[in-house]
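Q: Each chain, written out:
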Amino acid sequence: MIGRIASRTTAMNSLANLQASQVRSDRIQQQMTSGKAYVKLSDDPVAANDALRFRSEIAVNEQYGRNISDGQRWLSVQEGSLGSVTNSLHAARDALVQANNAAVSNPAARGALAAQLRSIRDDLLAQANTQHEGHPVFGGTTTAGTAVAATFSGTTGTYTITGDEGAVTRRVAPGHDVRVNATATEVFGGAGGAPTVFQQLDALADAVESGDTTAVGAGLATIDAARDRVLSVRGALGARVNQLEALEQANAVRGDALTGSLDEVEGVDIAKAMIEFRLQDTAYQAALATTAKVIQPTLLDFLR
Amino acid sequence: MSTFSGINLSSRALTAAQRAMEVTGQNIANVNTEGYTRQRLEQTESVAGGTGTYARRNAPGEGVEITGIARVSDALTEAAARQDVATAAEHQAATAVWTRLEANLGEDGTSGLSYQLNDMHKAFSDLGNATSAENVLAGRTHALARATNVAETAKQVDAQVQSQWSELGGRIDLHTADVNSTAEKVAGLNAAILNAGTTGVSANELLDQRERALSHLAELTGARVVGREGGMVDVYVGNAAVVAGRQSFTLTATHGTSLADVKAGKSGTTLTIGNAAVQPTSGSLKATLDAVNTTVPDVSKGIDKSVRDIAAAVNAAYNPGGTGQDLFTFTTASVNGGGAAEQIRVDPALTPASMQDSTPGTVDRARAKAVGELSTAPNSPTRSWRSTVVDIAAKTQASEIRADLASQVSLKSIAARDSVSGVNIDEEMTNLVSYQHAYSAAARVLTTIDQALDTLINRTGLVGR
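In the order they appear, the protein sequences are chains V and H.
Its first residue numbered 7, the first sequence is counted upward by one per residue in our numbering.
Its first residue numbered 246, the second sequence is counted upward by one per residue in our numbering.
This is chain H alone, in the form it adopts within the complex:
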């Protein structure tokens, strides 16, 4: 034990206490930083050196030694939080798609296709009651106008659905670009973390940033994280790697050609990395991909079928036996290769003069009456359309409930993760007080030793003074 080893001991204590206060300061500074993981100073006792002939007896240790700054995190809760956030994002995106689909139907009870159908039946019934030439002409004009309204409304619904489909395609592009830029960031951070590890620099901040990027990737694609050497990670979307160590791969989206082709099963939107197909397991990209390939085409097919049923029922009443002129026909010229809902129209050859509203050879207006009475028939157009609308409404409600539940679950997971790695100000305050006391006490030790040495140096050997 050297004379000045006490001073060395104190200086180490002071350094440790000061470093600890800095770490606490860092935690407090980042209390509101999203995804920040609190840090803790790790210190251990300094072992008294010397073996063999240099072993000292009855000498205390040499103070405190800083072994590092630890990042308090739990990989399991982090992974769980990532997954739950991904699920919540997926269901939220799906609900947004369904809500928009429901809005596209335009059914609020006082307008929309069901209202137009009721109006059409009314107009044809009134035509059925008309007798004088003037009334008949007016009745026919009115009935044709209402039928045209029905066709126009169906076309409008279809146009909205098609535009929603295109918009979703654009959104896939945005998400894909997002995935690519985030993957690059992760790869860059991987490289930085590897460097920091080899040079001994604290990589805690880099790890936090990478965790945020990984969380974002999970939110988009439900990505899976696998650790590798040097503190780096690999990120997998489905079974394809989008980040492997320091290298990132580009995700490409190939779009379906049109909604009509997707409905016919002739094309679809796919994601690829290189030549390998990628299927995200969760996240908003998966929800949007599903919407573009399945949800929206299925709803569009349902609407098409409903429109075809409506046209068939009306034509069966207006043109029994199918020998004459149908009321509703379908153009073959389709702008977007659309289905029945886009192609339906009142046959252009029909005018008030050429309308065949009675059994041929009479003026009994039986056919007009038949169209008017369709709403009470078992295959009535209103019933067919109503079931389509309610089906979509029910699916939207189910999706909303799922999204609500998923968001609750994700909140709980994030709280669990934060309970391990989040900053609690009270705790930091307490630590700060402890370290401050430690600093003061170490300073007092230094002063004491200093005074003792002072006595030794300046007072020893002075006799008679």
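If we strip away everything but chain V, and leave its shape as in the complex, we get:
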């Protein structure tokens, strides 16, 4: 217990306490003006760790969102293309039904139907080589510029699938990839040496032209099979569109949650800070008033 106080001690203590008070005021003021709960990392290392982690997670979540949008674009291009393919196949079927009518024995009419079939085949070829961002969308991961290459000698063509079976995937959630493409063989046939729909159409056009009614009759089943194949691919793609939509929602919700968490950790509660500031200000003023009272009078004032 100190029994005696030197004059300097009072002054030194008052000064030290006023300084400490000012440091606190300054800190609160910095919090309020910057909106952040800590000025430098060492003020709160635990919160700093959380904040850095949240920022990185927010960046990852944003990337998933971009991947989802990109995937949706891919799917919508293919969806449009496959819609047009389905319509073409229906038109081909109608032409075949017409040609199957045994009463049509007019070579000119048959020639017209054959020409129609061939033009439908050209449409399908164009659809097969649809480009999305400069890349054939049914080409898998090929470096070639097309999914199906065709060379014609007269009216018959040789078709080579230049696309590959590679899957184009997009990472949409941690560890979760979604495949966003369909390959040419899946849509147009030709896997393992089986005839592509283009070859089938060529054969059918020749059959119509030459009046081979058996072949034309069998062709209906062929076209049906081709159409069913396209429809099943459309179904699969449609399911993935739904999946991506749901994921998009989830992604947005998660993004909001992460931003909220980051703000909680890093941001300052303005109301609380204001109250602290008032308290601190009052304490500081009280300290100033007391210091003034204590430091001034000495015996000098009272001696004659």
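Read the hints as simulated data drawn from the structure, not as lab findings.
Glycine included, each C-beta is placed from N, C-alpha and C at the ideal position.
Nothing false has been slipped in among the hints.
Derived list of chain V stretches under chain H, where covered just means 3 residues or more per stretch with a C-beta under 8 Å from a C-beta of chain H:
no., region
1, 18-25
2, 53-62
3, 66-76
4, 133-147
Put chain H on the given structure of chain V with help from the hints.
A: Relative to chain V, chain H alone:
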């Protein structure tokens, strides 16, 4: 008892009171002088002389005698105050080093290496989604640019740490020069105090000045003070004497060659007096020495390791199996012999045209995607860097808390020392009033005796007048 012994008595009283008032004046004049120790007049009764045949009976003493001017101090509280000031200075210097290290990292959440890493992952993920030739080229250019940013930022952090290390070396030189000049001052004061002691002159002011110098030495090196004959002192830093009586010794600092060599354990900064190694126990010189030899190199090594981990993780994703071209490589030409953080760069052979971002033979962009998805992997670069940053932040906080505590303790010690030796104006005022009264009373005694003698001299033997 002689006729005039009363006058002698009064004159002694007057002298004593006047001297006491001067001492009080000296105290009041120095009330704000730092490290001033208050002084007090010591007086004692004058014993009536005479023995044997000269012994007098029923005679009072011969007044007051001044035995000296005492310096009111307590060696224990002084030593305690010195030590606590030294500890406070040490922790403050250490905190300054840590704060600067933390600032060098440049991590305020919106910039710095963690932000650049996030950006890099984003750029590679976007490259992973690119399909057309135009998009791929743009994606590659962007990804390479971001990777270069990461390397540049790491290099910048390293450069800051290295410059801090050099600056600390300069500070050691300043402190060492300070120690040497203060030690010389102490030695000079020792000599003066010895002289004053032998000639009987009051050495109080010299003692105060020496105490201030010793306090400064303690603040720098945690010096230990041991008394010796004649009022002189020896000062020890660690186990080596920097002042021995009237002689002072020079402290020399030999610097480590470079931060890289210190990190490799090949060199270090040492202090010597003559040929003996000196290890300060406390004080800002110790803190700076520790920073140069341990703290900064360790942090730099941590940063290097983190950078190496980042490069390894990215290369493992970009170049699985290690057979092709790595993304991040390290130059062997190092300017300051620096570590990984100084040497990292994007391999210069990589251009947007030569970048291998897909499994060879395909355009699946799998490797670019792998680099982009690294941030969710267990060995992710962001996690490695984050733990380094938070580690430094936690150590800085611990250092701040220690410094705060130490400064509180030192304030208390100084207050304890001042309670013994500090000047209190009220006390001095009271003393002044007492001595003034004593003076007036002694003067009145003189007047009384003077009047009595006047009666004796001028009135005795005068009859009828």
